[in-house]
Amino acid sequence: GENVEQHPSTLSVQEGDSAVIKCTYSDSASNYFPWYKQELGKGPQLIIDIRSNVGEKKDQRIAVTLNKTAKHFSLHITETQPEDSAVYFCAASSREYGNKLVFGAGTILRVKS
Amino acid sequence: DVKVTQSSRYLVKRTGEKVFLECVQDMDHENMFWYRQDPGLGLRLIYFSYDVKMKEKGDIPEGYSVSREKKERFSLILESASTNQTSMYLCASSLGGPTDTQYFGPGTRLTVL
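Here the protein sequences come in this chain order: A and B. Residues 1 to 113, numbered by our numbering, are exactly what the first sequence covers, in order. Residues 1001 to 1113, numbered by our numbering, are exactly what the second sequence covers, in order.
You can trust all of the hints, since none of them are fake.
Below, simulated DSSO-like cross-link-like pairs (lysine-lysine); rule was C-alpha separation at most 27 Å, straight line:
1) A:57 to A:42
2) A:100 to A:71
3) A:42 to B:1057
4) B:1071 to A:42
5) B:1070 to A:42
6) B:1055 to A:42
7) A:37 to B:1057
8) B:1055 to A:100
9) B:1057 to B:1018
10) A:100 to B:1003
11) A:100 to B:1053
12) A:37 to A:68
13) B:1018 to A:42
14) B:1071 to A:100
15) B:1070 to B:1003
16) A:58 to A:68
17) B:1070 to A:100
18) B:1003 to A:37
A short list of chain A residues far from chain B (calculated; beta carbon distances all over 12 Å):
19) 26
20) 28
21) 56
22) 60
23) 68
24) 69
25) 79
26) 83
27) 110
28) 111
It is worth saying that the hints were derived from the structure and are not from the lab. C-beta: ideal position from N, C-alpha, C; glycine also.
Pulled out of the complex, with its shape left as it was, chain B reads as follows (with noise of 0.2 Å):
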């Protein structure tokens, strides 16, 4: 089975944190991805990557940064977070072509205060 980790369930931080959400997956997935999950709204995307050390934005990138410095890890980073960026954070990962199934994390709940 795949399994995509996140490293936490709940997070509370305060404005102007730095905050860093990581996510692991352990199946040698080339494409790993952070979502942003609000009611009403869906899934956006925040930014994704392809292999490592490589990424795009996606639809919503302001205020996030990230980093993938190994293939089975992708790290999401509030470089100075703000009560709007108070989200549940979906980390998901795929095999490789476009078509191919994501597979998501439990979620990352960050309330910033």
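Next up, chain A with everything else stripped away, as it sits in the complex (with noise of 0.2 Å):
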């Protein structure tokens, strides 16, 4: 079945830096990508996707890379602000795996003020 790696477990960056969190996932018919934040209380809560037919995507300061060949994806936040501190999940949508989200462990970002 899928497998997703994702790191680092913890990332802490200045205010205004740039933060990057990698995934990578094992099944080659994987097509979906989508990333979820989740802050503290709350369920987590999708921020930005990627399909397989495409190779990059930017919403604002958030982006996302796809390399397919590699079967790895990895979301790009520039001048982090406090806010983005939070919970940070990858996933992978399997069709091996019934078309059901597979998600990382989690990756926690703080931004230091």
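Both chains come to you apart, so use the hints to assemble them.
Spelled out as structure tokens, the structure:
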């Protein structure tokens, strides 16, 4: 079945710097890759997603890149702000897994002001 | 706005008790999911449902069962709670397709003593 690995597990950056979180997946048939942000005391919320026919997608300060050959995708946050501090999860939707989402272990991002 | 509510934010139960976790969504979504969130393990799928009275096992169904008698409500049942079921439980719903956004509730922190 699908396996999604996420690195790093924790990341501390200075306010204004960039943050990058990386994920790899095992099922080459996976075709949908969302990123969720979980703030303290809340459930995860979708912040951006990318499909396998696209290499990059941007939404203001957030971007996601996908390398299908290498089977990895990354979340890039530029000009980080304290409100970006949260846990971030990547996920992959695997056709072999009935198109259900398989989540990475999560990254705790701390933005220091 | 989609709203997914969970019956309790915090719950303390004793070993061997039967535990019910309730989830309700107000957007007429077809799909509903129960996940378990543990540090370092991300979100793991316990059960999901694509329709009323329909259920399918996820990655870790052992020790759990579910019920979906109405479209808006999805219940997770721990038949005989054990200490290794102490965890954060998250409910989610999505409209219908495999790549539709999943909307999460705030979670229930369950402690089994």
